[in-house]
Amino acid sequence: MPCRSVKKETIQKDVPEAIFTLPQVLSSVGDYTQSLEYISLAEKEKYTMDNPVFYSEISRMQGRLLSLLGLHQSAIRVFKKGIDQIQRGKSDETLYLLSMAYDNLSGVHILLNESDSAIYYLEMNRELLNNADEFSSTGT
57 MPCRSVKKET IQKDVPEAIF TLPQVLSSVG DYTQSLEYIS LAEKEKYTMD NPVFYSEISR
117 MQGRLLSLLG LHQSAIRVFK KGIDQIQRGK SDETLYLLSM AYDNLSGVHI LLNESDSAIY
177 YLEMNRELLN NADEFSSTGT
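The opening position of the sequence shown corresponds to residue 57 in this note's numbering, with each subsequent residue numbered one higher.
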């Protein structure tokens, strides 16, 4: 039986997704530091750089891990970087990803006892979700 050929694009897509799965497993057992190392590998893959949705997912996970490690300011920077990536691309997941990013930012600010900032991101999220119909019809 001949060997099935695998397209280069498939490998470029599957490698970062596989690297992304391992940190999820590691973080579920509490190995946050090693999980961050694998996330950093996935972040550097070409597929990740060219895919704003995947990049934002990596930023979301990286930010949550940083927050779990008590590195809240770093988590905030990563979440904001993820928002920039989300807004750079247009996809069916944009609304969901922005909502998750705002929710994560509000959560970190709550941990820091920065209620004004937490409320700001909760309000941003509420406004985003209230305008969801308009958002999905325009794709912005």
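None of these hints come from the bench; they were simulated from the model. Careful: at least some of the hints might be erroneous.
[As the list claims (entries may be wrong)] Capping the alpha-carbon separation at 27 Å, the derived lysine-lysine pairs in DSSO-like fashion look like this: (1) K136 / K100; (2) K146 / K136; (3) K146 / K100; (4) K100 / K137.
Structure-based check of all given hints:
Annotation: proposed proximity of K136 to K100 holds, straight-line Cα distance about 18 Å (limit 27 Å). For the given pair, K146 sits about 17 Å from K136 by alpha-carbon distance, which is consistent with the 27 Å threshold. Straight-line distance between C-alpha atoms of K146 and K100 comes to about 21 Å, which keeps the hinted pair within the 27 Å bound. The hinted pair formed by K100 and K137 meets the criterion: a straight-line CA distance of about 14 Å does not exceed 27 Å.
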